[in-house]
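Enquirer: Line order of the protein sequences matches chains R and G. Its first residue numbered 259, the first sequence is counted upward by one per residue in this note's numbering. Its first residue numbered 259, the second sequence is counted upward by one per residue in this note's numbering.
The set of hints was computed from the structure by calculation and includes no laboratory data. Be aware that one or more of the hints could be misleading.
Stated by the list, open to error - Lysine-lysine pairs mimicking DSS-like chemistry, simulated, CA-CA at most 30 Å apart:
#1 R:Lys404 / G:Lys505
#2 G:Lys480 / R:Lys360
#3 R:Lys262 / R:Lys274
#4 G:Lys269 / R:Lys289
#5 R:Lys475 / G:Lys475
#6 R:Lys289 / R:Lys278
Note that the structure is predicted; figures quoted are calculated from it, not measured.
2 protein chains.
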Amino acid sequence: MIPKSKSKFIKQLQVKKYRKQEQCFVVEGAKSVQELLRSDFDVLWLAATPSFMEAQAKVIKRREVECLVATADELAEVGTLQTNDGALAIARFKPNVPPPEKTGIKLVLDDIRDPGNLGTIIRTADWYGIRDIIASEETADLYNPKVISATMGSFCRVRVFYTSLPEYLPKQKLPVYGTFLEGHHVHQVFFPESALLVIGNEARGISVEVARLVSQKITIPKWGDAESLNAGVATGIMLDNLRRSQK
Amino acid sequence: MIPKSKSKFIKQLQVKKYRKQEQCFVVEGAKSVQELLRSDFDVLWLAATPSFMEAQAKVIKRREVECLVATADELAEVGTLQTNDGALAIARFKPNVPPPEKTGIKLVLDDIRDPGNLGTIIRTADWYGIRDIIASEETADLYNPKVISATMGSFCRVRVFYTSLPEYLPKQKLPVYGTFLEGHHVHQVFFPESALLVIGNEARGISVEVARLVSQKITIPKWGDAESLNAGVATGIMLDNLRRSQK
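Given only the sequences and the hints, what does the whole structure look like? Please build it.
Expert: Written as structure tokens, this is what we have:
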């Protein structure tokens, strides 16, 4: 049973204002919670089905985390998922600090507003071994339940730092790549080992202020008639080309 | 003003059963309706803001389609979008017939359940000049408002044929490519001019019955730790590689 005070708390955390105030967020679903327990996130408590608790007994014990027994229906009832296959956890925000590494590839998100797109971009970054994302302040909140869910556990491995891009970018001594409707054909670009790759907003692409800071304009060529690609799809295509040219 | 009978009809069309019964679907948003009016879909009627009607006056007249005046708020109220920037239309289903062409690249969807993913896949297919998609019967409904909206107008150019894949695929005399966790590295594959490309279900990938019919297994290599890619992202990466190798 999840006590009323806790289920109320879970529901409050669906709202950004409360998440910020409490510095906590909700992780839902067996796979995501399983990865959370193995990450360096601070886990406050979790609610899970007996079978999840049995399967994850070792890590739950090692982390000394409070664990309430709940049915799958209860988990779905208090959470945002239509169905929940076993677990829900409350974890603490990580501090919003700039990425430590001065090298490697980092993604830069210029106002990605849709939580599903942000989650998919984080998952895709994880697939391509990218550990750091710099996001504009208008980008969707990493800790939104829809974002966490769409990352499929990748939020445990990819860090997101929110900042003002026009302030952050000029201080970096790395080439800045960005996708535009006109630019160098992505199949012909050779990416360096270290660079920043800007992904633009869903509706208007890369903003004028950020475009000014892009040193290498790239385009994903099209063969048909769509006006644009989904931001997550564009990220996948860019990163696949990037890793291929780095080989 | 949108009369009550019509707003009720629009709301009913959010439900698959009613869409099937009426053989009609709803298109929302200025850009999508604009593309609909220029497509070969049969448009029953539309509701739009005065400024949309003025901007599209020629095509509305040419198509002789009934047009109700409405405010943006009214359009949002009767539709599924949070905000609507100018128009909503009712159009008729196209008949569910196999694609005419025996050549070229066709996508095959093996149970893509998420409407957003299906819409994104259609949009991505359109970007890469693919005109035909074969979808399993369990794939999300093309005419679901979320699918139509996620295609960003590409539903006007890409046809979707629903059928049983285990019955359809063996009759085709084309190589069948499919993405698996193990297979030929996509960067090293040379795609032919004509082929079928299977995209698997979000959770379980390509089903056993369909996997048996795949002649060329391909994998998208990974550099990091995510377990899988989003289905739309995987489609984009496959099609980018395909068009590149065909050059």
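Enquirer: Indicate, hint by hint, whether the structure satisfies it.
Expert: Going down the list of hints, with the structure as the test:
1. R:Lys404 / G:Lys505: Status violated; Cα separation ~39 Å.
2. G:Lys480 / R:Lys360: holds, 23 Å
3. R:Lys262 / R:Lys274: holds, 21 Å
4. G:Lys269 / R:Lys289: Violated - the C-alpha atoms of Lys289 (chain R) and Lys269 (chain G) are around 36 Å apart, more than 30 Å.
5. R:Lys475 / G:Lys475: Given that 30 Å is the threshold and the Cα spacing comes to 34 Å, the pair is violated.
6. R:Lys289 / R:Lys278: Roughly 25 Å separates the two Cα atoms, so the pair holds.
Violated hints, in rising order: 1, 4, 5; the structure is consistent with all others.
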